[in-house]
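Start from the sequences, fold in the hints, and give me the full structure.
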Amino acid sequence: MPAAEGTGEAIVRIKDVVKEFGPLRVLDGVSFDIARGQVVAIVGRSGSGKSTLLRCVAGLETIQGGSIAVCGHDVGRPGSAARAQLRRDVGMVFQSYNLFPHLTVERNITLALTLVKKEPREAANAKAAEVLAMVGLTDKRTAYPEQLSGGQQQRVAIARSLALSPQVMLFDEVTSALDPELTAEVLAVMEELARRGMTMITVTHEMGFARRVADLVVFMHKGKVWESGPTAELFAQPRTAEFSQFVSSEL
Amino acid sequence: MRAVQKTMSYTFDFSFLAERWPDFVAGAWLTVQLTVVSIALGLAVGTVCALLRVYGNRWVRTPVGAYVELIRNTPLLVQIFIVYFGLSSLGLKLSAEVSAVIALVVNMGAYSTEIMRAGIQSIQRTQLEAADCLGLTRLQTIVHVVLLPAMERVYPALTSQFVLLMLASSITSQISTEELTATANLVQSDTYRSFEVYIIVAVVYLALSVLYRFAFWLIGLVLFARKRKLGTAL
Amino acid sequence: MIQLNANHFLYLLQAAQWTLLLSLIAFVGGSVVGLGLALLRVSQIRVLRVLASGYIQLIQGTPLLIVLFLSYFGLGIMGYKLVPIVAAGLSLTLYAAAFLGEIWRGCIEAVPRPQWEASDCLGLSRFQQYAWVILPQSVKLAVPPTVGFMVQIVKNTSLASVIGFVELARAGQIVNNSTFEPFTIFTIVAAIYFAMCYPLSLAARALERKANAGR
Chain A
32 MPAAEGTGEA
42 IVRIKDVVKE
52 FGPLRVLDGV
62 SFDIARGQVV
72 AIVGRSGSGK
82 STLLRCVAGL
92 ETIQGGSIAV
102 CGHDVGRPGS
112 AARAQLRRDV
122 GMVFQSYNLF
132 PHLTVERNIT
142 LALTLVKKEP
152 REAANAKAAE
162 VLAMVGLTDK
172 RTAYPEQLSG
182 GQQQRVAIAR
192 SLALSPQVML
202 FDEVTSALDP
212 ELTAEVLAVM
222 EELARRGMTM
232 ITVTHEMGFA
242 RRVADLVVFM
252 HKGKVWESGP
262 TAELFAQPRT
272 AEFSQFVSSE
282 L
Chain B
7 MRAVQKTMSY
17 TFDFSFLAER
27 WPDFVAGAWL
37 TVQLTVVSIA
47 LGLAVGTVCA
57 LLRVYGNRWV
67 RTPVGAYVEL
77 IRNTPLLVQI
87 FIVYFGLSSL
97 GLKLSAEVSA
107 VIALVVNMGA
117 YSTEIMRAGI
127 QSIQRTQLEA
137 ADCLGLTRLQ
147 TIVHVVLLPA
157 MERVYPALTS
167 QFVLLMLASS
177 ITSQISTEEL
187 TATANLVQSD
197 TYRSFEVYII
207 VAVVYLALSV
217 LYRFAFWLIG
227 LVLFARKRKL
237 GTAL
Chain C
12 MIQLNANHFL
22 YLLQAAQWTL
32 LLSLIAFVGG
42 SVVGLGLALL
52 RVSQIRVLRV
62 LASGYIQLIQ
72 GTPLLIVLFL
82 SYFGLGIMGY
92 KLVPIVAAGL
102 SLTLYAAAFL
112 GEIWRGCIEA
122 VPRPQWEASD
132 CLGLSRFQQY
142 AWVILPQSVK
152 LAVPPTVGFM
162 VQIVKNTSLA
172 SVIGFVELAR
182 AGQIVNNSTF
192 EPFTIFTIVA
202 AIYFAMCYPL
212 SLAARALERK
222 ANAGR
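Residue numbers (this note's numbering), protein chains in the order written: chain A, 32 to 282; chain B, 7 to 240; chain C, 12 to 226.
Honestly, the hints are just simulated from the structure, not real lab data.
It is possible that some hints are incorrect.
What the hints assert, rightly or not - To give an idea of the interface, some chain C residues facing chain B are shown, with a C-beta separation under 7 Å as derived from the structure: (1) GLY72; (2) PRO74; (3) LEU76; (4) ILE77; (5) GLY85; (6) ILE88; (7) PHE138; (8) LYS166; (9) ALA180; (10) PRO193; (11) ALA201.
Glycine included, every Cβ here is placed at the ideal spot set by N, Cα and C.
So, in structure tokens, the structure goes:
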């Protein structure tokens, strides 16, 4: 089955976003839209602002200019009412997994279900079993994070995010800390998610993955969207010297 | 100097125990009550202060820091005097037991603030971000993601401090709370068997130290499921 | 009732000198005995290790106040009538030794294993290993926590007041008996203790920061 086509409705709208850390302008007028069901790969060298952009979309950073709307919620400004709503609709997976080390795999997944969604424990456990099956870790239900490999931890992190049934999932260099084999098992899970029609924004170094799975590639350079477009098109005919250089250096 | 002669012929006499052992039991029981209450309340005070110290703004951090330094750099004995004699002279009349608990809680609070602060600071910011992204409120994050692992990391230091507080509670005998040390003072003044009396009390305190360590080890097992299962430090 | 006046304040300051003297006695005595304990704790002879650790656990499991009563009233009844400063000095020495011994043992054990092996390979005797390789390195580690512990010593000298030794806390009680202004007096007493302890606390923290930065 090919990657799900966007339905035309923009689920994420990023418009003229400016983000500064002190005197440093990390994002300098970034704009693009993402339609429901699209998979977007944000690529670029380190320091290009791609991770910062993702953190802005996740509401982890406040922005100094422009606007970000995710599922109709205004993101990037202080104010918690919209934030709580945003959390229901957006899931985030981190490079360093960020599982809670003192909780079992199952409890990592059910914590937000019981605390935020107020689901009863049994329903939450059932949901955990479901998402663990999806990432292929049913047998690790009672294990603690430190007992798992990096790839397994990252799959649990994906499951934890998935359990909250988000409309958009954000992936921040989720395989950068992993060996090639472990990378493959995490990417397989992400491909499966894409096949099921999940809207995904992933910051990644995995060009193979981007080519295979992404509908849209955004190449960032110096805090700007340097070049973007449908994946096949973009890789076939890079329009800028920076992007073609980047592509050849990543191969 | 006149007492130096015939020292070699000292004979121990514990016969007073037959009559007075209930006094020691009552004293030890009050020591346990005073210190368990003080440990629980003091840890609560310390936990809140530690959170304020780590996550609060400057207007909160500064007074909390001052509280911690003032208490840690003055003797418990003087703190007890200020609470018991000082406050009563200002018109706030408190019983010896209540004064003792207040002084011990204030003291325990300052030390546990420092210990818990180290634990809370050891929780990485990324853990907070993960909790944020899952939609947990600030309070839920603190309770479920910060406090328990923070406490697990510093639990050995906390346990030591709890035992130290139990031993330090002997100082409350100086405002005549009828705990174990005050009982000893009373019995020795009746019997003139001070050496025996204080040896007995020393043994009881030693036993209490061991008991407290064991109790806190058990509590740790209940509290920290991961440690119970894996046996490794967090 | 006598009005609280400047003479009372001077009297308290004088008494604070006794607090300092007693602290010094406890620190020096505790250091000597404590170093011995630390070395026994890392000794190759099991009996010595057990004895030293038994002593440390005994002292660390008993309130200092009880140790004080034992050496003052207890030894007194047995015929060894000690004057208060000796009883207090002895008790505080026993107490400080146990804690310093434990702190320093940690510092000795913190010297990396290869240092022992290297000096062993050079043919140094065990004594030479300690004197020239291990202890100089442990001292650097030991300074910050030792300074920190001095705060505990100064504060704990206040317990000498209960056997009638007139140091700062006892002087506070004496002044209070004639003026009966306990809140003011004990606050002043606390302030004087603070003035003695806080610089030590700050120094300990600064030394620790320096040690951590050096690593």
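Okay, the hints, checked on the actual structure:
1. GLY72: C/GLY72 check passes; min Cβ-Cβ to chain B is 4 Å, inside 7 Å.
2. PRO74: Holds. Min distance 4 Å.
3. LEU76: Constraint on C/LEU76 satisfied, holds at 5 Å.
4. ILE77: Status holds, d = 5 Å.
5. GLY85: 4 Å, holds
6. ILE88: Holds. Min distance 5 Å.
7. PHE138: Interface hint status for C/PHE138: violated (33 Å vs cutoff 7 Å).
8. LYS166: It holds, given that the least Cβ distance between C/LYS166 and chain B is near 4 Å, below 7 Å.
9. ALA180: 6 Å, holds
10. PRO193: Given a least distance of 4 Å, the restraint on C/PRO193 holds.
11. ALA201: 4 Å, holds
The structure is inconsistent with hint 7 alone, although it conforms to all the rest.
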